[in-house]
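With chain S fixed as given, assemble chain H onto it according to the hints.
In order, the protein sequences belong to chains S and H. With my numbering, letter number 329 in the first sequence gets 329, and the count goes up by one each step, no holes. With my numbering, letter number 174 in the second sequence gets 174, and the count goes up by one each step, no holes.
Honestly, the hints are just simulated from the structure, not real lab data. Mixed in with the good hints there might be a few duds.
[What the hints assert, rightly or not] Derived DSSO-like pairs: lysine-lysine, alpha-carbon spacing no greater than 30 Å straight-line:
no.	chain 1	residue 1	chain 2	residue 2
1	H	22	S	149
2	H	22	S	182
3	S	152	S	83
4	S	104	S	237
5	S	237	S	152
6	S	168	S	182
7	H	317	H	306
8	S	83	H	22
9	S	313	S	52
10	H	290	H	215
11	S	182	S	41
12	H	215	S	152
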Amino acid sequence: MTTVASFSVEYIQYLSPSGTLTGETIPPIAKDFETIKSLYKTMVLTRVFDAKAISLQRTGKLGTYASSLGHEAVHVGIGSAMKYEDVFAPAYREYGVQFVRGVKMSEVLLYWGGDERGSNFSGPPHDFAWCVPIATQNTHAAGAALAFKLRKEARCTLSVIGDGGSSKGDFLEAINAASAFKLPMVFVIINNGWAISVPRAKQSSGETLAQKGIAGGLPSIQVDGNDLLAVHHEVKKALDRARNGEGATVIEAITYRLGDHTTADDASRYRPDQEVEDAKRFEPILRLRQYLMDNNQWSVQQENKLMEDCAIKVEAAVKEYQSASKLPVSDMFDYMYAELPHDLAEQRAYALALEEENK
Amino acid sequence: MAKLAMVEAVSLALNYELEHDKDVVVLGEDVGINGGVFRATSGLAQRFGEDRVIDTPLAEAMIAGMTVGMATQGMKPVAEAQFMGFIFPMFEQIVCHAARMRNRTRGRLTCPLVIRAPFGGGIHAPEHHSESIESMFAHTPGIRVVIPSSPSRAYGLLLAAIRDPDPVLFLEPKRIYRLVKEEVVDDGEELPLDMCFELREGNDITLVTWGSMIKETLEAAEALEKQGISAEVIDVATVSPIDHETIADSVKKTGRCVIIQEAPKHCGVASEIAATLAENSLYSLMAPIKRVAGYDVIMPLFKLEKKYMPTVNRILKAVNEVMEVS
Chain S
1 MTTVASFSVE
11 YIQYLSPSGT
21 LTGETIPPIA
31 KDFETIKSLY
41 KTMVLTRVFD
51 AKAISLQRTG
61 KLGTYASSLG
71 HEAVHVGIGS
81 AMKYEDVFAP
91 AYREYGVQFV
101 RGVKMSEVLL
111 YWGGDERGSN
121 FSGPPHDFAW
131 CVPIATQNTH
141 AAGAALAFKL
151 RKEARCTLSV
161 IGDGGSSKGD
171 FLEAINAASA
181 FKLPMVFVII
191 NNGWAISVPR
201 AKQSSGETLA
211 QKGIAGGLPS
221 IQVDGNDLLA
231 VHHEVKKALD
241 RARNGEGATV
251 IEAITYRLGD
261 HTTADDASRY
271 RPDQEVEDAK
281 RFEPILRLRQ
291 YLMDNNQWSV
301 QQENKLMEDC
311 AIKVEAAVKE
321 YQSASKLPVS
331 DMFDYMYAEL
341 PHDLAEQRAY
351 ALALEEENK
Chain H
1 MAKLAMVEAV
11 SLALNYELEH
21 DKDVVVLGED
31 VGINGGVFRA
41 TSGLAQRFGE
51 DRVIDTPLAE
61 AMIAGMTVGM
71 ATQGMKPVAE
81 AQFMGFIFPM
91 FEQIVCHAAR
101 MRNRTRGRLT
111 CPLVIRAPFG
121 GGIHAPEHHS
131 ESIESMFAHT
141 PGIRVVIPSS
151 PSRAYGLLLA
161 AIRDPDPVLF
171 LEPKRIYRLV
181 KEEVVDDGEE
191 LPLDMCFELR
201 EGNDITLVTW
211 GSMIKETLEA
221 AEALEKQGIS
231 AEVIDVATVS
241 PIDHETIADS
251 VKKTGRCVII
261 QEAPKHCGVA
271 SEIAATLAEN
281 SLYSLMAPIK
291 RVAGYDVIMP
301 LFKLEKKYMP
311 TVNRILKAVN
321 EVMEVS
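Bound conformation, chain S alone (with noise of 0.2 Å):
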């Protein structure tokens, strides 16, 4: 027997859970502390947003809603490491990525709201929409990083999938595609532990998600999904190699979903409190607020001036979201094709008519 191919995992992290450094090398974010600082304050925004959303639905104001709640440093971590020209395919809750990438607070609230609007947001207008249907995001981003190959564009995709996606075909074909094509794209595994009520042990007997990259023959880590220095670090060389025409990446983040799955899930029916409680001592925002203050970087002012600030904006936020314009009827047919077929037209006009008989 001879051995024709052995493989490992690597699992990174920069930042502990009680805010230092760890590990021989040192990226330079760990040093940026301008960055990190805005970073840092758009991962609180992210929360005191994702609080407001919630209890947005929880008084009838706002419909089903996916709380990001424990998972800022992953997904601004991402956010930060792409650059605008890049093409962002996401699930449904990674607001932390979409805030860095010019989506407003107030188009998100669109979304859950029932107003498509939302979903013609002030992100990069590349960008891809919220995608329920879970993976078919991943073939998505396979696509558009095959087109900016093809062009010969310097621009990669990155796209995302939870736990639960990860055993889906769409994900493992799209890996496929990205290592057959040598596409310029980065997935990143976004494990939260839990997929609704199925916890990741379920998923896959594998040791790690990020294998299944491997599997396909892509270069797959695991990070600290909670650390955010590790994320942005690891993102943004996923990135560049890609971008060099060096192929796709794999990165399992690893982080844990410290709220309900949606706003229509009841977590404590499944999961243990005793878990949720120990997973907060690994929480990103923590962390990354200690390392600030440990570096004389942040202080108690300027942390409650901040939470002013984030109030603030959310409160604008949930303003605008209010105060948009009523969806006249006729949005329901008008971006259903570029030019309306006879028969669609003609319903269109016997539902404004009826508008009019109702008014």
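Chain H in isolation, oriented as in the chain S frame:
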């Protein structure tokens, strides 16, 4: 001018558009050097290179998903589903994304893509290679479903499909891929989508069909002529959205209608046409509408395949029943 079979006309249209629009790419399983299992992409890879005519890994969901991804970023991909029986992994991408992208993003992202699929029975193929499932897609808002029935219509409609700013499912009735040859002018002229074609003028009855059933329907019209019945034959061509106006105009003239489809009868495109005539054209009708369709059974393997397919005889029986009502 060369006389071409329908599958060659498909190839000619792809050739034309690859040459004239740099955003067009062809992708799918075996579409490259092999030229496709039906040779619809024959010679394209050799002429345009493997960056334009792309052999993909064997993964249909991925092909459709990547086609969506490419289309949103300004390309005009023309993907091939090798057989329509293998289109089901693509179904989610077509229905959940290709059809919805424009609406979802209020026009920010669009899907100017084509998915071509050979379909239908009659060629003694293995299981899963013979079904007609156009109505599954015709029921989906946001996509067009186009079915050519002759070489020149395949050429003109495929060009229109590729140039259309919205997603088009282009279903090629493979039984008539090489049935007739006709002259096809390679002038890049497209034919209109969303419109029926009147293939034969008549005054006594309207026969409505599409795809491979054009053959049996035209033969039936010939036979009826000998009986002294003048049949108008309409090729629906775009089965979603349907040009109901042309059909209604014809029925207004003839007062009678038989609709012929190869697909199972239940919830088929013929049902939609019949229902629309019942809604809007009842007072033009002198007799009940009849549908001649496949049975509501699993498409049989080829020993019974011919028994499943609507035949000239079945069409004539239906017409005669309709004509008897005075």
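Consistency of the hints with the structure:
1. Note on residue 22 (chain H) and residue 149 (chain S): the hinted pairing holds, with a Cα-Cα distance of about 14 Å set against a maximum of 30 Å.
2. Restraint check: the Cα-Cα separation between residue 22 (chain H) and residue 182 (chain S) comes to about 22 Å, which is no more than 30 Å; the hinted pair holds.
3. The suggested pairing of residue 152 (chain S) with residue 83 (chain S) holds, with an alpha-carbon distance near 17 Å, which does not exceed 30 Å.
4. Taking the CA atoms of residue 104 (chain S) and residue 237 (chain S), the gap is near 27 Å; set against the 30 Å cutoff, the hint holds.
5. Proposed proximity of residue 237 (chain S) and residue 152 (chain S) is supported: the alpha carbons are some 20 Å apart, at most 30 Å.
6. For the proposed pair residue 168 (chain S) and residue 182 (chain S), the alpha carbon gap of about 21 Å is at most 30 Å, so the pair holds.
7. For the suggested pair residue 317 (chain H) and residue 306 (chain H), the alpha carbons sit about 17 Å apart, so the restraint of at most 30 Å is met.
8. The hinted pair formed by residue 83 (chain S) and residue 22 (chain H) meets the criterion: a straight-line CA distance of about 26 Å does not exceed 30 Å.
9. Annotation: proposed proximity of residue 313 (chain S) to residue 52 (chain S) holds, straight-line Cα distance about 11 Å (limit 30 Å).
10. Restraint check for residue 290 (chain H) and residue 215 (chain H): satisfied, since their Cα atoms lie roughly 19 Å apart, inside the 30 Å limit.
11. Only pairs whose Cα atoms come within 30 Å are accepted, and residue 182 (chain S) paired with residue 41 (chain S) is rejected, the gap being roughly 36 Å.
12. Straight-line distance between C-alpha atoms of residue 215 (chain H) and residue 152 (chain S) comes to about 47 Å, which puts the hinted pair past the 30 Å bound.
Hints 11 and 12, counting from the list given before, are not met by this structure.
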